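Quick mapping for you: the protein sequence lines, in order, are chains Z and A.
Positions 1 to 413 (the working numbering) are the ones given, in order, by the first sequence.
Positions 1 to 262 (the working numbering) are the ones given, in order, by the second sequence.
Honestly, the hints are just simulated from the structure, not real lab data.
Keep in mind the model is a prediction, meaning the values are calculated, not measured.
Just so you know, not all the hints are guaranteed correct.
[Claimed, not checked] In silico SDA-like cross-links for lysine to any residue, where the CA-CA straight-line distance does not exceed 25 Å:
1) A:Lys-154 - Z:Arg-406
2) A:Lys-154 - Z:Glu-405
3) A:Lys-129 - Z:Pro-330
4) A:Lys-154 - Z:Gly-304
5) A:Lys-129 - Z:Leu-176
6) A:Lys-35 - Z:Thr-235
7) A:Lys-129 - Z:Tyr-310
8) A:Lys-154 - Z:Ile-337
9) A:Lys-129 - Z:Arg-63
10) A:Lys-154 - Z:Leu-176
[Claimed, not checked] Under 8 Å between C-beta atoms, here's a sample of chain Z residues computed to sit facing chain A:
11) Glu-311
12) Leu-316
13) Gly-317
14) Pro-330
Note that beta-carbon positions come from the ideal geometry of N, C-alpha and C, so glycine has one too.
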Amino acid sequence: MGSLPEDLDRAPLLVEEEAVVELAPMAAPATPADWARRNLFSSWFSGLLTVVVGAGSVYLAYRLLRWVFVTADWTVVKANLRLFMAGRFPEEEIWRVWAVGYLVVFLAGASWGIAATKRAWSPARIVLRLVLLGLLVGTLVYLLEGVRIWLLIGAMAATFAVGIAVGRAGGRRLRLPLGVAWALAFPFVVVILRAFGGVPPRLWGGFVLNVLLAVVGIFLSFPVGILLALGRRSTLPAIRLFSVGFIEFIRGVPLVTLLIFGQFVLPLFLPPGMRLPDIIRAMTMFTIFSAAYVAEIVRGGMQGIPEGQYEAARALGLSTTRMMAMIILPQALRSTIPAMISHFISLFKDTSLIVILGLPELLSLARRAPVNLRFIGREKEALLAAALIFWVLAFSMSRWSQRLERRLGVGER
Amino acid sequence: MAEIEGKAEPTAHLPAETDGQGMIVAEQVKKWFGKFQALKGITTTIRRGEVVVIIGPSGSGKSTFIRCINRLERHDAGQIIVDGIELTDDIRDIHRIRSEIGMVFQSFNLFPHLTVLQNVTLAPRNVRKWPRAEAEQKGMNLLERVGIPEQAHKYPAQLSGGQQQRVAIARALAMEPKIMLFDEPTSALDPEMIKEVLDAMKELARSGMTMVVITHEIGFAKEVADRVLFFDEGQLIEEETPTRFFSQPQHQRTKLFLSQIL
Chain Z
1 MGSLPEDLDR APLLVEEEAV VELAPMAAPA TPADWARRNL FSSWFSGLLT VVVGAGSVYL
61 AYRLLRWVFV TADWTVVKAN LRLFMAGRFP EEEIWRVWAV GYLVVFLAGA SWGIAATKRA
121 WSPARIVLRL VLLGLLVGTL VYLLEGVRIW LLIGAMAATF AVGIAVGRAG GRRLRLPLGV
181 AWALAFPFVV VILRAFGGVP PRLWGGFVLN VLLAVVGIFL SFPVGILLAL GRRSTLPAIR
241 LFSVGFIEFI RGVPLVTLLI FGQFVLPLFL PPGMRLPDII RAMTMFTIFS AAYVAEIVRG
301 GMQGIPEGQY EAARALGLST TRMMAMIILP QALRSTIPAM ISHFISLFKD TSLIVILGLP
361 ELLSLARRAP VNLRFIGREK EALLAAALIF WVLAFSMSRW SQRLERRLGV GER
Chain A
1 MAEIEGKAEP TAHLPAETDG QGMIVAEQVK KWFGKFQALK GITTTIRRGE VVVIIGPSGS
61 GKSTFIRCIN RLERHDAGQI IVDGIELTDD IRDIHRIRSE IGMVFQSFNL FPHLTVLQNV
121 TLAPRNVRKW PRAEAEQKGM NLLERVGIPE QAHKYPAQLS GGQQQRVAIA RALAMEPKIM
181 LFDEPTSALD PEMIKEVLDA MKELARSGMT MVVITHEIGF AKEVADRVLF FDEGQLIEEE
241 TPTRFFSQPQ HQRTKLFLSQ IL
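Model the full structure from these sequences, guided by the hints.
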């Protein structure tokens, strides 16, 4: 050992450390009036802005709240809630939908738990959480009647909590099993819905259908997209050309066109006489559509990886497959989390486009609900409810991606 | 490593007798980048256990030459034989040769998403198929050898440049290579960190490793090199023992270059 240097880190530093650049000290405002003067009325222009924006906000809030609590009649939502969530799923088979719900909620909880970060609970965060929770519970209290459904909802919340606990306890080790579980969730869901005298796909509908399409689209297009991205960089011309052609064609065509195409073109590739349910065709087209975008996102991430990473991996004797799987993709995918999640959020919202195939997804049901004489003129309520249901899930996904980014950012680069 | 310290100084400069076959044999190696010819026919033989330092101005082809030895660049003409295996387009031969050659880069090229120990054990576990425990044991020994065992569970970004380069050396050594290539290993380092990396390389040289080192560290060349190769404009201009190379260079271009860097 003798010829090796002692660790230089431990040698005392002789250099005087320079003062770190500091922010100009800013005294905490003494009173709310102080705070307002400094932040809202620092000049005549900002004072004017404060007054105008403030008055506008108050007016809008007043009109909105008045409409929500006075003018609007929410019975259209209350009466149609099951229809919105599960479409025309037969009532005696509705337990299948609940079972699917529990499964998805458990997986979502575990995913949430894995991305958990230890952060201090600031008063602002607590207040925000309480307000959101209060709104959610308040809405549910209004919408749901009967002990049974409350027990079911309570059990669902508990399932989510258990999922979080499992995710936290397992941490990073659970990442791969959880990914596999999500990927297997779809066939499993189909079994739950269909098997043992279950419900045929043409009766699936409502928000369940949107979520199902989104989950399938996301989890199938992810690996396909990665393969396409690798294919686009392949040295084999046939694979490269196919990938480029596929990606560029799919990205250049509106999703609606693809969905309609699916009805006519997909059967050409199937053995004669075989008919796929509309929903399977829609899932196929969603997967294809999303894969092209995922491929471009992944390619963007891979372009950010320095050439030296490839060289170091090759110099160690790693095969191309291992180099991609262990060195390049882990880094590339990490840097693409924001773009990827935002693509998946828009894919989720795009599931409402299957209305053009006549599939009874949430938005179309919400639009048709006021056709019933009892609810004439209640389009606004129904649409707003549908929008909120979409929003809750999309917002959760966006929060989850932020947690994931924070979590993965720690100490790694 | 105690046994190598007693090694007598002069023996390092005598050509180590081998079975007549070089560890690396290059025969008329040529390489073009488009119309630019980077290597204009390099012929040399590097023996087992020999430490060769390559110097030369930038763009002289020295880096291209050592990158041809482990096929990071494909040579267009000539012949390269490494440990009896000729480098061809056969991917299995390339993998075999690469796993016998460790390489250290100017910019370290550690894997930023893996810890130091994972960086070191990745290739042994996945290419050599060592069990995890064994790979980690050997990895820790190597980190100790380069003097940074306590950094094993940190990420590369948390280390200084000198420490990162020592990790890179440990990572290359983890495959138990027969040859080590160094492509300007100290050029990206702050001056105060150069010594720690050179010390690790000197220790390695004394342990009998076959080494090809591109460097401008003349002190290092004089101390441990068996031979110095001077490259200019894609040609091997001169090869000599360090003593003669630095005191009585034969060629005009060598003299000019040395006058500029000394």
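Please work out if Lys-154 (chain A) and Gly-304 (chain Z) have their alpha carbons no farther apart than 25 Å. Satisfied, since the Cα-Cα distance of roughly 23 Å is no more than 25 Å.
Does Leu-176 (chain Z) lie within 25 Å of Lys-129 (chain A) when you go C-alpha to C-alpha? 21 Å, holds
Checking one constraint from the list: CA of Lys-154 (chain A) to CA of Leu-176 (chain Z), max 25 Å. Satisfied? Within the cut-off at roughly 23 Å; holds.
Hint consistency between Lys-129 (chain A) and Pro-330 (chain Z) [alpha-carbon to alpha-carbon, up to 25 Å]: 21 Å, holds
Status of the Pro-330 (chain Z) interface restraint (C-beta, 8 Å, chain A): With a minimum Cβ separation of about 5 Å from chain A (threshold 8 Å), the hint on Pro-330 (chain Z) holds.
Would the pair Lys-129 (chain A) and Arg-63 (chain Z) pass a check requiring their Cα atoms to be no farther apart than 25 Å? 69 Å, violated
Are the Cα positions of Lys-154 (chain A) and Glu-405 (chain Z) separated by 25 Å at most? 19 Å, holds
The hint names Glu-311 (chain Z) as touching chain A; please verify it with the least Cβ-Cβ distance against 8 Å. Cβ of Glu-311 (chain Z) sits 6 Å from chain A, so the hint holds.
Taken at face value, is the distance from the CA of Ile-337 (chain Z) to the CA of Lys-154 (chain A) at most 25 Å? 23 Å, holds
Does the nearest C-beta of chain A fall within a distance shorter than 8 Å of the C-beta of Leu-316 (chain Z)? Holds, because the Cβ-Cβ distance from Leu-316 (chain Z) to chain A comes to roughly 4 Å (cut-off 8 Å).
Please verify that hint: Gly-317 (chain Z), Cβ, nearest Cβ of chain A, below 8 Å or not. Holds, because the Cβ-Cβ distance from Gly-317 (chain Z) to chain A comes to roughly 3 Å (cut-off 8 Å).
Check whether the Cα positions of Lys-129 (chain A) and Tyr-310 (chain Z) lie no farther apart than 25 Å. Distance ~21 Å between Lys-129 (chain A) and Tyr-310 (chain Z) Cα, so the pair holds.
In terms of the numbered hints stated before, the structure departs from hint 9 and from no other.
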